[in-house]
Amino acid sequence: KQEVTQIPAALSVPEGENLVLNCSFTDSAIYNLQWFRQDPGKGLTSLLLIQSSQREQTSGRLNASLDKSSGRSTLYIAASQPGDSATYLCATVRSLAGGGADGLTFGKGTHLIIQP
Amino acid sequence: KAGVTQTPRYLIKTRGQQVTLSCSPISGHRSVSWYQQTPGQGLQFLFEYFSETQRNKGNFPGRFSGRQFSNSRSEMNVSTLELGDSALYLCASSFIPSDMGDTQYFGPGTRLTVL
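Top line first, the protein sequences correspond to chains X and S.
Going by this note's numbering, the first sequence wraps up at 120, each residue one higher than the last.
Going by this note's numbering, the second sequence wraps up at 133, each residue one higher than the last.
You may find that some hints are simply not true.
What the hints assert, rightly or not - Listed next, the stretches of chain S that the computed footprint assigns to chain X, with coverage defined by at least 3 CB atoms under 8 Å from CB atoms of chain X:
no.: 1; segment: 49 to 61
no.: 2; segment: 106 to 118
Stated by the list, open to error - In silico BS3-like cross-links for lysine-lysine, where the CA-CA straight-line distance does not exceed 27 Å:
no.: 3; chain 1: X; residue 1: Lys-72; chain 2: X; residue 2: Lys-5
no.: 4; chain 1: S; residue 1: Lys-31; chain 2: X; residue 2: Lys-72
no.: 5; chain 1: X; residue 1: Lys-5; chain 2: S; residue 2: Lys-31
no.: 6; chain 1: S; residue 1: Lys-75; chain 2: S; residue 2: Lys-31
no.: 7; chain 1: S; residue 1: Lys-31; chain 2: X; residue 2: Lys-46
no.: 8; chain 1: X; residue 1: Lys-112; chain 2: X; residue 2: Lys-72
no.: 9; chain 1: X; residue 1: Lys-112; chain 2: X; residue 2: Lys-46
no.: 10; chain 1: X; residue 1: Lys-46; chain 2: S; residue 2: Lys-75
no.: 11; chain 1: X; residue 1: Lys-112; chain 2: S; residue 2: Lys-75
no.: 12; chain 1: X; residue 1: Lys-5; chain 2: X; residue 2: Lys-112
Don't read these hints as lab results, they were simulated from the structure.
Cβ coordinates follow ideal geometry from the N, Cα and C atoms, glycine included.
Make the full structure from the sequences, and use the hints.
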């Protein structure tokens, strides 16, 4: 069974700072890893998807890295803004013995607050 | 392009009743997945459908079932509701199944409250 852990559970930083969110997973047999953000009372917005063969993906101020062998991923947010305040979730799709996948397995998220 | 839509957005039921939730994926998307989100357990995978076939299922009791229609719309049914079924139910869609590396796009969810 895949277990995904996110550290820290909550983070509050002043506007303008660069920050790193961490995600670890127990089973490295993954197809891909995705980072999402969730705003209160809303669904999830996909931020970045990293295939298992890739090391990193970038989108604007966001950069996500993947180290499958160590079971770790990081999400780097540059020059943080108050609008970045949200809960950030990472999730993996794991391959199953005999084929197929088990759907996204999510961490509990990091609740991020950017202070103006 | 319209996003993933879910209906209804809010639902209140009593224990023992059954409920059906609906999800319309983004146009052209053939894969639909369902997730349950609760404060205690977080987000948990329920099942995934692709081209009207269930590809995989999470660790939920048989009271939770789903189906997908030929137009890719999907429904999820929960029978004999329990208090613990109160949750936000999220639907996600993608062009191809999740194990083939496609981004999943989520709807706003259906908030189910069981009294």
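Checked hints:
Counting residues of the segment 49 to 61 of chain S whose beta carbon lies closer than 8 Å to any beta carbon of chain X gives 4, which meets the minimum of three for the stated coverage. Counting residues of the segment 106 to 118 of chain S whose CB lies closer than 8 Å to any CB of chain X gives 6, which reaches the minimum of 3, so the coverage claim holds. With a C-alpha separation of about 16 Å, the suggested pairing of X/Lys-72 with X/Lys-5 holds against the 27 Å cut-off. Restraint check for S/Lys-31 and X/Lys-72: the C-alpha separation of about 43 Å exceeds 27 Å, so the hint is violated.
Pair hint X/Lys-5 plus S/Lys-31 does not hold up; C-alpha atoms about 32 Å apart against a cutoff of 27 Å. Of the supplied pair hints, the one linking S/Lys-75 and S/Lys-31 holds, its CA atoms being roughly 25 Å apart against a limit of 27 Å. Pair hint S/Lys-31 plus X/Lys-46 holds up; C-alpha atoms about 21 Å apart against a cutoff of 27 Å. For a cut-off of 27 Å, the pair hint linking X/Lys-112 to X/Lys-72 stands: about 20 Å separates their Cα positions.
Between X/Lys-112 and X/Lys-46 the alpha-carbon distance is near 16 Å, which keeps this suggested pair within the 27 Å criterion. Our distance criterion of 27 Å between C-alpha atoms is met by X/Lys-46 and S/Lys-75, whose separation comes to about 24 Å. Only pairs whose Cα atoms come within 27 Å are accepted, and X/Lys-112 paired with S/Lys-75 is accepted, the gap being roughly 20 Å. The suggested pairing of X/Lys-5 with X/Lys-112 holds, with an alpha-carbon distance near 16 Å, which does not exceed 27 Å.
Hints 4, 5, counting from the list given before, are not met by this structure.
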